[in-house]
Structure formats: C-alpha cells, structure tokens
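Visitor: If you want the building blocks of each chain, they are given just below.
Number of protein chains: 2
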Amino acid sequence: MEGKDSFTVAVDAMGGDFAPREIVKGAIRAAQENGHKILLVGDESALEVELSNYEVGKLDIIVVASEGVIEETDNPIRAIKEKPYASVVQAARLVKSGDAHAFVTMGSTGAAMAAATLEMGLLDNIDRPAIGGPLFGGLSRTVFGGLSRTVLMDLGSNVDCRPSRLLGFAALGVAFARVIQGIENPRVGILSVGSEEGKGNRQTKEAYPLFKESNLNFIGNVEGMDILLDKADVVVCDGFVGNILMKYTEGLGMALLKHMPDLLGASLPAEISAQISKKLVEMTSPAEVGGGGPLFGINGTAIVGHGRANGENVAQAIIMAENVVKGGLIEAMSKELAALNQLG
Amino acid sequence: MEGKDSFTVAVDAMGGDFAPREIVKGAIRAAQENGHKILLVGDESALEVELSNYEVGKLDIIVVASEGVIEETDNPIRAIKEKPYASVVQAARLVKSGDAHAFVTMGSTGAAMAAATLEMGLLDNIDRPAIGGPLFGGLSRTVFGGLSRTVLMDLGSNVDCRPSRLLGFAALGVAFARVIQGIENPRVGILSVGSEEGKGNRQTKEAYPLFKESNLNFIGNVEGMDILLDKADVVVCDGFVGNILMKYTEGLGMALLKHMPDLLGASLPAEISAQISKKLVEMTSPAEVGGGGPLFGINGTAIVGHGRANGENVAQAIIMAENVVKGGLIEAMSKELAALNQLG
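Protein chains in written order, with this note's numbering: chain A, 1 to 344; chain B, 1 to 344.
Honestly, the hints are just simulated from the structure, not real lab data. Take these hints with a grain of salt, some might be off.
[Said to hold, decoys possible] Below, in silico cross-link-like pairs of lysine-lysine (DSS-like), each with a Cα-Cα straight-line distance of 27 Å or less:
1. B/279 to A/231
2. B/279 to A/279
3. A/279 to B/231
4. A/199 to B/279
One chain only, chain A, in its complex shape:
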C-alpha cells in the first residue's frame, strides 16, 4: 500500500448472485472513477474472460487467484475449513497481510463474518461480529430528507444475547454514527415495548441499568415507531429482533410495490407510479443504496453488500470501504469499546 491518499481494496469477485460479471463491472468502475487500486480475488480464468470485455490497460487492477466459493447455503465455519482458499477467505487474508486496506464482498454474510473473524480477528471485548445500519433510506444520514438515519443493531448476527452484549453493540453503533454519519454525540436507546425503565422483556430490563451507568449518551428505552421518528441515533436490540425488522422493511417495499395498483387505484399517472416504486425500493433496501455496510467488531474493514448487487452497488460498496478506512471507523470503535470497559 502506497501513500496516505491511495486506497487498495480486495474485492471478492466470486460472491453474489451476479458474480463474477457484475463484481468485475463494479470494480472497474471504482478504479476508473475514483482511482482505487483493486485486488480482484477469484478464479483466474473466469476473471480473465470478464476483464477481456473492458479496456483495463491503465487501471490499477490485479487478479489474485482463489479456489472455490462459499455459497449462501454452506455452513460458513465448515466451508472455510473445506475451502481454505475460497475467494472471501483470500480477500480477508489480503487485509490481514497489509496488501489491502479493506475487503468487499457480495457473497454470504455468514462466510464474510467467519472469514473476517478468522483472518482479521475481533476487536477487544467483542465475542462475535455484529451488523448494523439504518433500516431505511440509505446508510448516510442525508439521504431522503430526515428519514431514519437511526442506526439499528444487531441486525441478525447475535440472535440470543445476554444484556451486556447490547452495550457492546451500542459502542460500535456510536462509532458508526459519529464517523460515517457525522453525528457528534449520538443518542443511544434500547428498543423495547414502552419508554419507561420498567417496560420490556427480561433482556432489556437487565440491560437498562447497565446503560444508565455507562458513559453512553443513553436516552432510555425507545419503541418501534421511534426508530423512524429520530428519537435516537443508535438503537440496540438483539439480532433476532433486528433481523426481523430489517426483513420486514424489505418485505414492505416488495409488498407495496406489488399492490400499488390496488392501493392507489387507476388515478395515478404511470410516470408518478414509477417514481414512487423506485423510491420505495431504494428506501426499503438501504444496502442497495449504500452498496453495503461494514461488519461491526472486526479488527479491520470488511464491507458486505447484498447478494443481488449489480455493478453500481459494488462500486458504491467500494466507496463505503474507503470512507470507513479514511474516517478511521475501526479505531473509533476500538476507542468506544475501551471507554465502555474502563467504567464497567
């Protein structure tokens, strides 16, 4: 890796529904438009075929050979043992070795987590990586007016959580809100069924005093509607609740899209209908707007996007990777976790 302004990213060219075609397209776009150096990790012959469709002479793209792909349906831990040179593992290895600042994948989230954990390691006081981000309207706070910059986490990685783990999520989310969203002193809330301290299930009731005694800017419990009403900047829940909310939001976009004619009747001009449809899909699939989000808790930058990603999404995910690295997100997360630990 060269000077401080250069940015090198390892791209898992074999992960995702439209790999390697759309991944290569996105990588080339990132190299062309932003001058990124790309380590394209995948099956050499397949990548040569894809690259032969483009004028790549002047671009900083290097093919790095890998063997095999970890599929969405594979058990991640077992698959990594069986395919130690799979594309996503090789990509993570390039970050560990210092050859890349970050890796980006559109493949299985479980595989990305396992590979990143194994190769890059976890931050202190973290047992397992987490996933976080706004449910709505893109990863940056400025997309779509005031809607839902609120970061929700965990979104599915930690399904059963002891209450103290929610504290760790909060620290990671605060760093994200500060570095990526530019919020100075992010407000933290616990997702629950009522705003009073006594309201909630066993998990949130036990978590509440831990949050109150922490150094976090804790505003108390928040309810389901508050995620969308700018009550807090970071809202924590276990991965069971978060994953259901994330997929519910996605389903909402799909269902509204499908039923728009029934819902709005014939009175809507086709042009406006198309405009609303586009916004709906964008709003309810933040990963498709932002390209992808970082794995939280990894000691390094790993960006995971949507399996359906196209070239544009891949290019956006690479920009997200650059923002994470240049913004110092991992260092900020490490600092927040340490501050938490000093008190408790």
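Put chain B on the given structure of chain A with help from the hints.
Guide: Same frame as chain A, but now just chain B:
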C-alpha cells in the same frame, strides 16, 4: 338479551382520548344504522349532557352508571382494586352477567385485559390474554387487495414467553383467521430469522418441534418479509417482537407522511399526495380501519380500539363485536385450544 338476531353491547363511554363525546357519537351511530342495543357505561351526568345533543328517543340506548376511569398511565391491576366500579370494569361485568353480548372500549388495553380477565375469565389452557391481528391494511382479509391478511400475534401482552405459549397463540390466531377472515385451513408459521428448522433463537428453536407435532397446519419458520407476502395466515411471535413490529408499522405511516414532500419531490399533484397520505394512515393503523380488535383468550367478547378513536371508529368496533359474537369466535378459540391440548 332477546332473540338470536338482536345484539346488545356494553360500551365504555369514558375510555379513549375523545371520551365521552366521540364514544357517544359512535354508539348512537351503531344504534341508528344497525339497530344495536347499547348499554352506555359511564358518568351519568356527563353522558346525559352528551346525549342531549342527539335525537335518541327511538334508539335502544340505556345509560349504566360507573364511577371513575382507568387511565392509560395507571397500573391496571391496582387501578381495578381502587376503582372497582370504573367504566371498563362495569362494562365487562355486564357481559359476565349476561346483560350484554360483548363490551367495547377505546381506553387502556391493559385495563381492558385486567377487567376482562377478572370479570369474564380466561379460556382453558390460557394464562393471560393476548392481542393479535394483521399489522397492515385492516382486520378483514379483503381490505386493500391482497395485502397482509396475515394475523400476527402476540402484539404486546406476553412479553417473555416460554415456547409452549406460542402454541396457544397459534390456536387463537387460527380461530380468528377462520371465523373473522374466512380462511378454511389457516397456515401457521413461527416468526424467525431463517426458514430452516435450525434457524432462530432459543425460544423459536424449542417451539419448532412442538408445532411440528401439533394438529396445526404448520408451514415452518417464516421471516420478517413473509408477514407481508402471504406466506402464512397466522404468524406467531412473543409480545416483545410483535409489539415492536406493530409500533414500527405505525411509525412508518407517520414518518412517510411527514417526509412525503422530500421523498416524492414537488412533482406530485396535491390531490394524489392527499390520496396517498390517507391510504398510508389507513394501512399502517389497522385498528383505525377496523375500529378495534378482540382480546384473545378471554372467555367472552371484549373489543379494544385505539385511544384516538373517533365516532366512526367506535361504530366500526361495535360492528366488529357483533361479527365476533355472531361468528362464534370465542367458541372456535375454545375448540382450537382443546384440540391442541388433546395431542400434547
């Protein structure tokens, strides 16, 4: 109570944000339009003032005196002890005594549950009442095209649940889907983070085999998006998850309404914008469309509506009460619970 076609309902005239004015208005409407007999429960002098605004001579409306109101902020159990003649308790008592077929309230859900449990009792194999219904688009399956007839339960009453309690929710939900929505053999799913049997948290993983061995038409786990995509007719979760999803959906309507200009830009004609706004609020607040929903698990009919209910909502809630009674929902619930119990 007279012949089999007559319908007598006790209406808690003091519960709700706009009580007694809007409650009285709705009760009068129900009496006028549907010939319902109304037992209007509340403060006698306040009700006389309200009734003096209408021509009630020919209507079958009787004022039943009560003392005090249980507020949203009161602890329901304690409040019932302190105010044993509060309007909602008196209304439940009228069902127990056989003077009314059902009661309807727009007051505190907790108070309605406590009053109904205390006065009317619970069905066999039920520890605590539950709340259920579609998250979206009204309580009947035909409102708003194919959108979300799916019944989700529990919506907030049972926050920490052992896995077997989810089975009881399913039985109650199946009866609701059959009687109120007209679905012959309702498909039942467990809300989880993946469709395979092994996916979920401890609670859903333990519940899965119980469902598999039951007499329910169990289709397995469903994910967040499936609630909206007609994958199952009844989806069960604990009241923590259900309450968050319900309030998230409400918040969605509010947030989209607020940000519509940012989202859709100036290109949308005011008339269409108003039309979309109206649909949004209706869609995301089923209680406002249906007027209210029954408490599940009570040995009798208790309908609880939204605190913000207006006269029209109250009249709709009374129609819901009639549908529940005439459809035999409570008997159907009792039968489903017994069938479940015979097997396990």
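Visitor: Next step is simple, just say for each hint if it's right about the structure.
Guide: The hints, checked one at a time:
1. Only pairs whose Cα atoms come within 27 Å are accepted, and residue 279 of chain B paired with residue 231 of chain A is accepted, the gap being roughly 25 Å.
2. Among the hinted pairs, residue 279 of chain B with residue 279 of chain A is consistent with the structure: their alpha-carbon atoms are about 17 Å apart, no more than 27 Å.
3. Proximity of residue 279 of chain A to residue 231 of chain B is assessed by CA-CA distance (about 25 Å); at most 27 Å being required, the pair is judged to hold.
4. Restraint check for residue 199 of chain A and residue 279 of chain B: the C-alpha separation of about 32 Å exceeds 27 Å, so the hint is violated.
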